[in-house]
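Residue numbers (the numbering used here): -10 to 669.
No lab work stands behind these hints, which were simulated from the structure alone. From a predicted model like this one, the values you see are computed outputs, not experimental measurements. Don't take every hint at face value.
Claimed, not checked - For each label pair, taking beta carbons as the anchor points, the in silico distance ranges come out as:
1. Glu348 to Thr87: 50 to 58 Å
2. Ser336 to Thr434: 47 to 55 Å
3. Ser336 to Thr234: 56 to 64 Å
4. Glu635 to Arg527: 16 to 24 Å
As the list claims (entries may be wrong) - DSS-like, lysine-lysine: derived pairs with alpha carbons at most 27 Å apart:
5. Lys23 to Lys567
6. Lys224 to Lys141
7. Lys23 to Lys489
8. Lys284 to Lys251
9. Lys141 to Lys23
10. Lys489 to Lys567
11. Lys305 to Lys284
C-beta atoms are modelled at their ideal positions from N, C-alpha and C, and glycine is treated no differently.
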Amino acid sequence: MSGIQISGLLANSAFDWKSVVDQLVEVSGIPIKKLEAEKKKNDAQAEALASLGAALTELQDAVQEFRANETFSARTVSSDASSTTWKSSSVTGAALGTYTFDVTQLATQARWTGSSDVGSELAPSDDVSGLTLATLATALEVTEGTITIDGKRIAVATTDSLQDVFDAIRDALAATTATTMADFPSAQAVTAGTFTVNGATVSVALSDSLEAVLTAISAATAGDVTGSYDAATGKVTLTKTTAGTIELGDVSDTSNFLTAMKLSSGGQTVASSEAVGFAVTATYDHETDKVTLTKVRGALVLGAANDTSNLLAVLKLANNGQGTIASSAALGTVKTSESLADAGLRSAITAVDGDGAGEFTLNGVTFAYNINTTTLTSLLRDINDSDAGVTAAYDPARDRVVLTNKVTGDIGIALSESAGGVLAALGLTAAAGGSLVRGNNAEFTVNGGDPFVSTSNTLDASVHGISGLSVTVNTETEQTLQVESDTLAMQTALESFIEKFNAVQDLIEESTKVTSDGTKVTSAVLAGNREVQSWASRLRALAFDAVSGITGDVDRLDDLGIDFDGTTGHLKIKDSGKLATVLGDTPEEVETLFLTPSTGLVSRLYSYLTSVGTSGRRQASDFAEANTDLDEQIATLQARLEQEREALTKAFIRMLDAQSLAQSQNTYIENTFFRKNNNT
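Using the sequences and the hints given, assemble the complete structure.
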């Protein structure tokens, strides 16, 4: 007997029930895809509206700039002097015109100049052997290195005394026994010839050294008279080796050697009456507080390009083409970083109390000081930081204090203190030699009119009466200034407006157009949005229509040479010459066209752009709200699909279980009947 056959839908193991579930779920998900497509379309429209909104905002900003920047009342100022250093400026709405300024006097600052040399001298006497370079109370600190005097390099150390330097200068240029007569630095140049010593004739040539001449004296006198030279004293000494006196000179002498060496007849020993071998000497005079360099013969030359010490500058020594060079001014200066009591002032400050405190007034401002703690530097800083209106400065080159008004003009400086105060010590009182140098007022004319006077070199409308024009002058000369409309700024603003206007027109066209290619029709993202389509035409009308209620020849853009191109809805400058003429000649009419309240181009365009911007944002908001609803619908449908998938999956699993059970039963029955049949 054949076996029993049990079959079912799932008997075939190749059956893919999971793909069936996916297909069934996909069919059920078609509504979700439709909702997602609708959402994508909404997003595209919202994005297009956002882009359009940004372009509209840029256009609105360009419109607003006409008003905010006062474009049509902007002015430029130019000078007929191509290389002028005057600084001219004008405010918006300044009076147009040509103005010739003839400045005959510039304004200067008044200053109170203190007397010079308020600091003590370097030393109380002419002796400077104890005065080291490191401690010199001079305007500059001495730097170590080398200086050059008449071609000789001299080393300078800050540990040297001033006398050490003087000695070094003297020694560097002093004569030696090897010095020839031609180069010997005696005040009177030696001449060649003969001279007489104790009746003996001695010959001298300019090429002879001093040693050779002294040897010749000894030879001529058979050793009875010998000579020597002391480099330390710069003197020549003749000594008779036997008893008797030395007789010098004879009417037959042809050389002046004896006179040049400052030698005259005398006892057994005779010496130069003064130094004859020092070419250059340096001295200090405490009365004048100056250093003097003296060359016995010829012009003295100071310095070299490779000098490394500043000593010559510190001592205020400079070439003058002469044999004597003295400091150009007193050398001692105030020690600005020391307390006033220790600053080295020539005059003592006595108008103080027992603690050293005093005060003075400057332009009505009171300044307190203490001679034991206040330094000149801190005192000047207090003045500069105050409301006194002056700048206080110390001039180390002249060792004086100068007070200068911070403003120009003939304006005084008022000082007051008790006798013996710091102002007197600094030479700032009239009694101490201080004086007021009055400032000048600026003097000028405009277009040949009556003279104007100004305390400042900035000449503005408060002085010359030309509205909005300010000129800062720094030369006494005549210049013609032209105040004109800033046509470049106007045209730039107009070009920016046109660019932004055309960008909006292009974007609206691109977003709303419908195109066809044979049977294929393509619609832009906002093609069905009639409101957006209307924005372009309305903007063109607002830009091009005449402005009512204004006078003059300019009441629409066409009067400026601006028109539409006739094909794209673009604005363009069709007549640049006309535009330049109108902007330059009648800027006030252009300003009226744009800025007339309520009806001007700026007002009506700005208002409309505000409204369409609001409309665009409202539409974008509507799309956002619609998408929120769509998201909720999609979420609901998605949940249902998941439930459907789960139910289908469970159903197929149950069917699989049933098939498995049936298969098991089928196998059992077949096995049972098969055994019975075989047994019979």
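query = Which numbered conditions among the earlier hints are violated in the structure presented, ordered from lowest to highest?
reply = 4, 5, 7, 9
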